[in-house]
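Work the whole structure out from these sequences, hints included.
Listed below, chain by chain, are the residues.
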Amino acid sequence: MADFESERELIEQSREGDTAAFDLLVRRYEKQIYNTAYRLCNSYDDAADIAQEAFVRAFSNLKSFRGDAAFSTWLHRIVTNVFLDERKKQRARPHRSLEEVLALEESTVTRQFEDPGPGPQDRVEGRERRELLEQAIAVLPEAQRVMVVLYHTQSRSYEEIAQIMGLPMGTVKSRLNRARLALRDKLLPVAELFGVPARPNK
Amino acid sequence: MTAPFGAPMPAVQLPYLLFVQYPGSFVGRRGFRRGERREIIMSTHVDCAKTRELASEYLEGTLPAALMRGVQGHADSCSACASDLRALQSVWESLNSLPEVEPPLFFRENVMLAVQREKESRQPRGWRSLLPQLGRVAANTLLTGGAVAAIAWTLLVPTPDATGGTEVAGLPRPNGGLLPGVVAPREATTTQTNPQLQIRRTTTVDPEHGPSYEFALWLEGADRGTVRVHLLPDDAVNGEAPAAARFTLAQGAPQALRVPLGAVQGETINLYVFWTAGGQSHSKRLFVPVPKDDSLPASQQSFGLRESRLAEAAREVAARFGQPVTIEDVPNLDKVTVTARQETATQALRRALSGRGVRISYSAAGILVAPDASAPSGQ
Numbered sequence: 090m091a092d093f094e095s096e097r098e099l100i101e102q103s104r105e106g107d108t109a110a111f112d113l114l115v116r117r118y119e120k121q122i123y124n125t126a127y128r129l130c131n132s133y134d135d136a137a138d139i140a141q142e143a144f145v146r147a148f149s150n151l152k153s154f155r156g157d158a159a160f161s162t163w164l165h166r167i168v169t170n171v172f173l174d175e176r177k178k179q180r181a182r183p184h185r186s187l188e189e190v191l192a193l194e195e196s197t198v199t200r201q202f203e204d205p206g207p208g209p210q211d212r213v214e215g216r217e218r219r220e221l222l223e224q225a226i227a228v229l230p231e232a233q234r235v236m237v238v239l240y241h242t243q244s245r246s247y248e249e250i251a252q253i254m255g256l257p258m259g260t261v262k263s264r265l266n267r268a269r270l271a272l273r274d275k276l277l278p279v280a281e282l283f284g285v286p287a288r289p290n291k
Numbered sequence: 217m218t219a220p221f222g223a224p225m226p227a228v229q230l231p232y233l234l235f236v237q238y239p240g241s242f243v244g245r246r247g248f249r250r251g252e253r254r255e256i257i258m259s260t261h262v263d264c265a266k267t268r269e270l271a272s273e274y275l276e277g278t279l280p281a282a283l284m285r286g287v288q289g290h291a292d293s294c295s296a297c298a299s300d301l302r303a304l305q306s307v308w309e310s311l312n313s314l315p316e317v318e319p320p321l322f323f324r325e326n327v328m329l330a331v332q333r334e335k336e337s338r339q340p341r342g343w344r345s346l347l348p349q350l351g352r353v354a355a356n357t358l359l360t361g362g363a364v365a366a367i368a369w370t371l372l373v374p375t376p377d378a379t380g381g382t383e384v385a386g387l388p389r390p391n392g393g394l395l396p397g398v399v400a401p402r403e404a405t406t407t408q409t410n411p412q413l414q415i416r417r418t419t420t421v422d423p424e425h426g427p428s429y430e431f432a433l434w435l436e437g438a439d440r441g442t443v444r445v446h447l448l449p450d451d452a453v454n455g456e457a458p459a460a461a462r463f464t465l466a467q468g469a470p471q472a473l474r475v476p477l478g479a480v481q482g483e484t485i486n487l488y489v490f491w492t493a494g495g496q497s498h499s500k501r502l503f504v505p506v507p508k509d510d511s512l513p514a515s516q517q518s519f520g521l522r523e524s525r526l527a528e529a530a531r532e533v534a535a536r537f538g539q540p541v542t543i544e545d546v547p548n549l550d551k552v553t554v555t556a557r558q559e560t561a562t563q564a565l566r567r568a569l570s571g572r573g574v575r576i577s578y579s580a581a582g583i584l585v586a587p588d589a590s591a592p593s594g595q
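Protein chains in written order, with the numbering used here: chain V, 90 to 291; chain Y, 217 to 595.
Honestly, the hints are just simulated from the structure, not real lab data.
No residue lacks a Cβ here, since even glycine has one placed at the ideal position from N, Cα and C.
Mixed in with the good hints, there may be bad ones.
Rough simulated footprint, nothing fancy, chain V against chain Y, three-plus residues with beta-carbon under 8 Å [as the list claims (entries may be wrong)]:
1. 290 to 303
2. 309 to 315
3. 325 to 336
Right, here's the structure in full:
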């Protein structure tokens with residue numbers, strides 16, 4: 090990366106408490122981190138909270154960033170942890186029914202993708218395919234979801250995911266395989282939408 | 217029989233021995249160490265279960281050649297596995313092409329506000345040093361997003377008081393640190409069936425960053441909701457502008473929305489608020505006049521407006537009478553003609569909107585236009 094040196098300087102200055110330097114780092118990574126958060130929680134509003142908390146944690150813990158991994162890998166580890174912590178907290182909160190959460194998130198999603206007027210058939214199908222895929226991702230176990238999001242939407246390598254999640258690479262590979270199979274199995278009933286003819290019986 | 221990774225393999229169906237070199241670094245206690253060599257017995261006999269296990273690596277083409285051939289051979293003879301592999305490939309491609317989304321407006325500004333707050337909290341200086349930062353954020357957004365975008369909001373932390381109610385503590389104010397006039401609902405209201413979004417306006421004149429209007433938003437009758445606020449310019453109240461703010465509201469935890477008056481170019485602050493809670497979606501349009509000088513407009517006036525959409529007419533009335541007008545859950549579809557014959561704003565609006573299934577009421581918060589529950593539907 091051409092800006093590598095300047096990034097190191099920005100990190101150094103942020104570590105000293107220089108928020109203007111940190112602002113430049115946020116500027117550089119806000120889109121990546123927000124997108125990761127959004128794909129993990131499938132809600133625009135929650136993603137903003139999660140990504141914001143991730144940057145705040147990053148700022149507070151810059152001293153522990155030693156530079157053996159790339160800064161973006163380190164940020165991804167933090168946003169992943171924030172997401173997993175949030176889910177843990179949500180599970181511990183007994184009074185919020187899942188239906189309510191889903192209803193809310195559903196309406197959030199539909200309102201974000203609201204599309205005036207009917208579009209061409211393939212665009213409609215594309216959207217349907219994307220929404221089905223997003224729903225399938227949203228019900229994956231969290232650890233699998235994290236891997237799918239990091240690998241497929243953030244183009245992180247197996248090795249980086251292993252670093253982010255603190256797991257051996259072999260485990261990452263096999264769990265990702267299981268996650269993809271789970272997604273495929275969930276989507277088999279609508280395989281036609283994905284351009285695959287219905288599955289023959291074994 | 218041993219073979220290095222990647223060397224050509226005879227097409228054998230018998231188990232054979234592979235040296236597998238695991239590259240890369242591993243973190244944690246489990247698994248292998250970097251570069252450790254392990255001997256693994258691998259069979260090139262591939263059945264349906266084995267195909268599942270190897271599916272990803274097969275599609276990536278990273279399996280040893282013999283196993284690649286093994287999976288291929290199995291898929292050639294098992295149509296279900298062949299179909300599953302095609303489906304997996306398709307899902308894989310769809311996953312890779314999920315679109316990127318844009319962070320909400322002012323995402324970075326809010327992050328930096330939170331970072332600043334975090335930094336302050338670690339220093340003994342306290343709240344007061346946050347104020348210049350707030351001003352800076354407002355100024356920043358003014359520069360980057362244009363006048364329409366100049367809006368900043370802060371999460372207010374509710375603190376329970378001795379009476380069991382919840383008072384809303386905001387930023388330090390000259391009057392002792394409480395946002396004047398805002399008291400959140402006492403308890404979760406179980407009797408209330410429909411969720412309500414409450415909005416109260418308070419004027420703030422802060423010498424540090426000029427006069428601004430602050431709107432406190434809170435939720436009643438639902439645990440949690442999402443709110444989207446659009447700030448519309450005077451000549452575009454019938455249209456859409458990008459959301460100026462988007463946030464989640466929890467019951468009993470109000471959010472304050474600050475609109476610096478310096479950022480408002482027209483006669484009114486025009487807010488279009490779209491909110492969702494308890495599975496329902498609602499809208500509110502607020503037209504809040506900005507005071508121009510000390511003289512109050514006459515409470516009874518005479519004029520005739522050209523035919524226009526409801527939002528435009530309401531904005532005009534709010535500007536002329538200097539009174540806030542709120543339109544709640546009334547679609548901005550029909551055109552209306554508002555005239556006033558030495559009348560008050562409420563009288564003029566009532567006459568212009570009679571027979572349209574809306575109810576016009578007046579309170580300290582201004583004029584409210586809402587659907588008339590007693591009117592026959594379809595009006």
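Structure-based check of each hint:
1. 290 to 303: It holds: at least three residues are needed, and the segment 290 to 303 of chain Y offers 7 whose Cβ sits within less than 8 Å of chain V.
2. 309 to 315: Per the Cβ count (5), the hint holds.
3. 325 to 336: holds (count 8)
Comparing the model with each earlier hint shows no violations; every hint is respected.
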